[in-house]
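> Here are the chains, one letter per residue:
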Amino acid sequence: MYIQDAWYAAALSGEVKREPFARSILNEKVVMYRTSTEQVVALEDRCAHRQVPLSRGRLVGDELQCWYHGLRYDCSGACVSIPSQNTIPINARVRAFPVVEKHGLIWLWPGDPAKADEASIPNHWVCAAPELAGKMSYCTIDCNYLFGIDNILDISHAAFVHQKTLGSLDIVETPPEILIGENEVRVRRYMRREKTPPLYTRILQMEYIDRSQEVLYWPIGNTRVETRAHACGDEDGKVYHVYTTTIFTPATDTTSHVFVGMHRDFDVDNHMFTEFTAKEVFNTVMEDKDVAESLQANWDPKAPMIDIQLDRPAYAARRILERMGAIAAIRATV
Amino acid sequence: MYIQDAWYAAALSGEVKREPFARSILNEKVVMYRTSTEQVVALEDRCAHRQVPLSRGRLVGDELQCWYHGLRYDCSGACVSIPSQNTIPINARVRAFPVVEKHGLIWLWPGDPAKADEASIPNHWVCAAPELAGKMSYCTIDCNYLFGIDNILDISHAAFVHQKTLGSLDIVETPPEILIGENEVRVRRYMRREKTPPLYTRILQMEYIDRSQEVLYWPIGNTRVETRAHACGDEDGKVYHVYTTTIFTPATDTTSHVFVGMHRDFDVDNHMFTEFTAKEVFNTVMEDKDVAESLQANWDPKAPMIDIQLDRPAYAARRILERMGAIAAIRATV
Amino acid sequence: MYIQDAWYAAALSGEVKREPFARSILNEKVVMYRTSTEQVVALEDRCAHRQVPLSRGRLVGDELQCWYHGLRYDCSGACVSIPSQNTIPINARVRAFPVVEKHGLIWLWPGDPAKADEASIPNHWVCAAPELAGKMSYCTIDCNYLFGIDNILDISHAAFVHQKTLGSLDIVETPPEILIGENEVRVRRYMRREKTPPLYTRILQMEYIDRSQEVLYWPIGNTRVETRAHACGDEDGKVYHVYTTTIFTPATDTTSHVFVGMHRDFDVDNHMFTEFTAKEVFNTVMEDKDVAESLQANWDPKAPMIDIQLDRPAYAARRILERMGAIAAIRATV
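Chains as they are written, first to last, in the UniProt record's numbering: chain L, 1 to 334; chain G, 1 to 334; chain D, 1 to 334.
Bound-form chain L, shown alone (with noise of 0.2 Å):
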């Protein structure tokens, strides 16, 4: 029960080239490339003679060759060329998904190609804006997209998850300030004279930090961490902006596309600093992996399970996904 209707990260701009790529979304295998024209295409990947992934196949020109009898399709998902014969049946196609790149990620909309408005694509202007220095990374994590959002919204975790790189006690013991809209969630927390948590310690070189936070939850998997710091006490003086933006696209119902980065407003023309802060990152995504895989191995349907009150910006993101049809009626205590 995924919503088709909706836009999907499904690829870092980096990561379609000039030959077959193969991702799946949403349970559909899609192969993408780009055109002559660096246009992305994303085509169903599986030949409409014999269903070989076409992901094997080569480009030729800007039409797609499959590999067991040479089949071409062009850009459209049209079947164009079947080697050994001059006609080609009217239903030899595949499924073209509309796709477009925008703020260094590939889009794609598995539902009705009509209804794809590239208006309602999620605003990530972070991850491109001229002004802030960072970089995207991909991973997979292998548990249900859900699990990854209800990960960013209680960002308490850190405290434990994260205590080698986010972790700050300070963030638990700070109640938080949570806005629900029609279409967002919002939880803020202001922390003064906070211990800088390890990772910031090494990016912003400081010991103790007054900090704000504001965690963003828009449909259907993007996330963005906003922080605002600066010296203890100092509110008018330089102010430091980190973005963390983490965006999840539903594989599998068990497995998830994850596209990360860290963005900041200063020295931002130090380039082995954005290396280093986005391996930084990468690397506080990977324990929360660890954290989310070893629940989604755990899980039972089945289970009773209490709520605590930091699940509540969790149960607002899933309720406008309930409200979406994208999941079943919510239970919640809290």
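Derived by calculation from the structure, the hints in this document are not laboratory data. Please note that the accuracy of each hint is not assured.
One-sided and incomplete, this derived list gives chain D residues near chain L with beta-carbon spacing under 8 Å [to be verified]:
| id | residue |
| --- | --- |
| 1 | Arg-46 |
| 2 | Arg-50 |
| 3 | Val-52 |
| 4 | Arg-56 |
| 5 | Trp-67 |
| 6 | Ser-84 |
| 7 | Gln-85 |
| 8 | Pro-89 |
| 9 | Asn-91 |
Pairs of lysine to aspartate or glutamate, EDC-like flavour, derived with a Cα cap of 16 Å [unchecked claim]:
| id | chain 1 | residue 1 | chain 2 | residue 2 |
| --- | --- | --- | --- | --- |
| 10 | D | Lys-17 | D | Glu-101 |
| 11 | G | Lys-102 | G | Glu-118 |
| 12 | G | Lys-302 | L | Glu-44 |
| 13 | D | Lys-17 | D | Glu-38 |
| 14 | D | Lys-102 | D | Glu-118 |
| 15 | L | Lys-302 | D | Glu-28 |
| 16 | L | Lys-17 | L | Asp-62 |
| 17 | G | Lys-164 | G | Asp-290 |
| 18 | L | Lys-29 | G | Asp-300 |
| 19 | D | Lys-135 | D | Glu-15 |
| 20 | G | Lys-17 | G | Glu-101 |
| 21 | G | Lys-289 | G | Asp-142 |
| 22 | D | Lys-102 | D | Glu-38 |
| 23 | G | Lys-135 | G | Asp-269 |
| 24 | D | Lys-29 | L | Asp-300 |
| 25 | L | Lys-135 | L | Glu-280 |
| 26 | D | Lys-164 | D | Glu-287 |
| 27 | L | Lys-302 | D | Glu-44 |
| 28 | D | Lys-195 | D | Glu-207 |
| 29 | L | Lys-17 | L | Glu-38 |
| 30 | G | Lys-302 | L | Glu-28 |
| 31 | G | Lys-238 | G | Asp-265 |
| 32 | D | Lys-238 | D | Asp-265 |
| 33 | D | Lys-302 | G | Glu-28 |
| 34 | D | Lys-102 | D | Glu-15 |
| 35 | G | Lys-29 | D | Asp-300 |
| 36 | D | Lys-302 | G | Glu-44 |
Here the structure is a predicted model, which means the values were calculated and not measured. From the three backbone atoms N, C-alpha and C, an ideal C-beta is built for every residue, glycine too.
Knowing the structure of chain L, use the given hints to seat chains G and D on it.
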């Protein structure tokens, strides 16, 4: 819904020795061994007592002794000894399968032994002809055996899958003559001044050849490709015969045994050349294995499919199997 | 249909320390640890909040803290701390299992705690007797625990499976005396002038021995083989006692925990000899593991089976389990 009353290639002669040898045939676990007089025996690979695989046991004379409690079975599958007691239960036996060794292969009959007629063993004379040189190999392919037969009967895939070995665009461009018999399918092509495919270049050492090729299929999983080649235009000159045998036996519904060999009528005493051609043809089978396993892994029985003209021989083969009751009714568009 | 109200060996004493230790018992995920006073605690290995395995968490004093959001549980399974809030939901708890440490083993009661009577813990005095020397080991076997019990109760398999270790054809040829009690099965053999089995040769250093052997089984998965050996004919001379303990605990339906040890009443201060015998008996268990896993992998519940005379003790054990409600009705022919 496999045809039980038929002969299936179960092993190469050289694979079965004076020790138990396990192989699954049509989802049945079978153990084979040779008696002291070199006769091949094939029994159910599951002790009648506690189901331990007999293939983990050992031969005592011509009897197979179970690894666990030492029960011994004779060549008819009857239990003839239980170490700890003098009486033997009447139903203490495992199934014995009719087996015949012919043309360098062990043929097994999974069905009613009373119907096993040696005269109906598929005629792979090529594999044992004294005037030919060649060698058989064995491999498994993780796909249904029907995909293997499809592969051989549409040899046009050579232009794409076997670009570096058998590849020849001429094959795709030469319309085949298709001869459909009651119990066989033949696909013939005659190519003049063909750019010699890489594998044949290495064998025949000519850049261009005139070549006729006939692909022969007969049930259940027997195929042979007969090639006659000669120097371009030199129809009265030396003719080179090359026979490529490929036999498919279902192991399970998604795995198959493949017996493959290349035999020739020239340079027959050159053993190094025999080894070389055996290795080359095995390499092409590895290319087929790659495409067939990729197809099987991608297979969705509900996905729509189109047919192409070159599928006609494969459909003819499937109609033979359909008439035999081996597969369900076929709906083909070519 | 496992018996819940019973004591099961869950771990060797030495396996459970001041850190979480995970093990599945009767399809339940369990985490064990020791308190600061060395008491063993066993809890459900699934946080009541979001199902993350508690075994991935850490001890804070005698409380177990979840890895994800820091919830803490006391030894009774009650959640006693949720870092981000002051109240704790009434149902915030995980199951706690009665556990008792006895005879060098941790015994766990998966059923109703009110019925857990320490007096009913299986009496493995051999494993803790001061006058004996020996050592327990642990391994898993990928088979149902019943196949493990079968294996011990038909010791005749030693002649085939353990040819290189315990193997003795005399065992097969010596008819056993079978004593079937309400709640135990005993299988006795007395062998005069037996060719000393390889393992015993290494232990006793005699080529031939007189030996009595009694195999004892009692529910759920307890077995002990008691061997009395002396020099041939020397009935008044020195008697060597060797006890081989093997305890099976279901992990899942097709995997079992096995606790195994060999204890003796001679040369008891020789620690190297103790290590040596522990290693030897572990090697024989590896042989049993091989045959039992091979049986489980080959197992087809619909395949016909015969019984042999030596199956009587195993059926007697199964009848005890049948009366307890642990297994379905048995149809045996011996």
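> Now tell me if each hint is right for this structure.
Checked hints:
Interface restraint check: Arg-46(D) against chain L, minimum CB-CB distance 6 Å, threshold 8 Å, status holds. For Arg-50(D), the interface hint holds, the least distance from its beta-carbon to any beta-carbon of chain L being 6 Å, beneath 8 Å. Checking Val-52(D) against chain L: minimum C-beta separation of about 5 Å stays under 8 Å; hint holds. Hint on Arg-56(D) holds. Least Cβ distance to chain L is approximately 6 Å, under the 8 Å limit.
Because the beta carbon of Trp-67(D) sits about 6 Å from the nearest beta carbon in chain L, less than 8 Å, this interface hint is met. The criterion of a C-beta within 8 Å of any C-beta in chain L is met by Ser-84(D), whose closest approach is roughly 5 Å, and the hint holds. Contact between Gln-85(D) and chain L, as hinted, is supported at the beta carbon level, the nearest pair being about 5 Å apart and thus within 8 Å. Annotation: interface hint on Pro-89(D) holds; nearest CB of chain L at approximately 5 Å, less than 8 Å.
Because the smallest distance between the Cβ of Asn-91(D) and any Cβ of chain L comes to about 6 Å, under 8 Å, the interface hint for this residue holds. A C-alpha spacing of about 13 Å is found between Lys-17(D) and Glu-101(D), which places the hinted pair at or below 16 Å, so the restraint holds. Between Lys-102(G) and Glu-118(G) the CA atoms are separated by roughly 10 Å; this keeps the pair inside 16 Å, and the hint holds. Between Lys-302(G) and Glu-44(L) the CA atoms are separated by roughly 14 Å; this keeps the pair inside 16 Å, and the hint holds.
Between Lys-17(D) and Glu-38(D) the CA atoms are separated by roughly 8 Å; this keeps the pair inside 16 Å, and the hint holds. Taken as a hint, the Lys-102(D) and Glu-118(D) pair is honoured in the structure, with Cα atoms around 10 Å apart against an allowance of 16 Å. In summary, the hint linking Lys-302(L) to Glu-28(D) is supported, as the alpha carbons are separated by about 13 Å, within the 16 Å threshold. This hinted pair checks out: Lys-17(L) and Asp-62(L) have alpha carbons roughly 12 Å apart, not beyond 16 Å.
A hinted pair counts as satisfied when its Cα atoms are at most 16 Å apart, and Lys-164(G) with Asp-290(G) qualifies at roughly 14 Å. For a cut-off of 16 Å, the pair hint linking Lys-29(L) to Asp-300(G) stands: about 11 Å separates their Cα positions. For the hint linking Lys-135(D) to Glu-15(D), the alpha-carbon distance of about 13 Å falls within 16 Å, and the restraint holds. With a C-alpha separation of about 13 Å, the suggested pairing of Lys-17(G) with Glu-101(G) holds against the 16 Å cut-off.
For a cut-off of 16 Å, the pair hint linking Lys-289(G) to Asp-142(G) stands: about 8 Å separates their Cα positions. A threshold of 16 Å between alpha carbons decides the hint, and for Lys-102(D) with Glu-38(D) the separation of about 13 Å falls inside it, so the pair holds. At most 16 Å may separate the alpha-carbon atoms for a hinted pair to count; Lys-135(G) and Asp-269(G) meet this at roughly 13 Å. Between Lys-29(D) and Asp-300(L), the direct Cα distance comes to roughly 11 Å. Compliance with the 16 Å bound is thereby established for this hinted pair.
Simply put, Lys-135(L) and Glu-280(L) have alpha-carbon atoms about 11 Å apart, close enough for the 16 Å limit, and the pair holds. Pair hint Lys-164(D) plus Glu-287(D) holds up; C-alpha atoms about 10 Å apart against a cutoff of 16 Å. In summary, the hint linking Lys-302(L) to Glu-44(D) is supported, as the alpha carbons are separated by about 15 Å, within the 16 Å threshold. Proposed proximity of Lys-195(D) and Glu-207(D) is supported: the alpha carbons are some 6 Å apart, at most 16 Å.
For the hint linking Lys-17(L) to Glu-38(L), the alpha-carbon distance of about 8 Å falls within 16 Å, and the restraint holds. With a C-alpha separation of about 13 Å, the suggested pair Lys-302(G) and Glu-28(L) falls inside the 16 Å cut-off, and the hint holds. For the proposed pair Lys-238(G) and Asp-265(G), the alpha carbon gap of about 11 Å is at most 16 Å, so the pair holds. Between Lys-238(D) and Asp-265(D), the direct Cα distance comes to roughly 11 Å. Compliance with the 16 Å bound is thereby established for this hinted pair.
Using a Cα cut-off of 16 Å, the hinted pair Lys-302(D) and Glu-28(G) holds, with the two alpha carbons roughly 14 Å apart. For the hint pairing Lys-102(D) with Glu-15(D), the CA-to-CA distance comes to about 14 Å; that is within 16 Å, so the pair holds. About 11 Å separates the Cα atoms of Lys-29(G) and Asp-300(D), which keeps this hinted pair within 16 Å; it holds. For the hint pairing Lys-302(D) with Glu-44(G), the CA-to-CA distance comes to about 15 Å; that is within 16 Å, so the pair holds.
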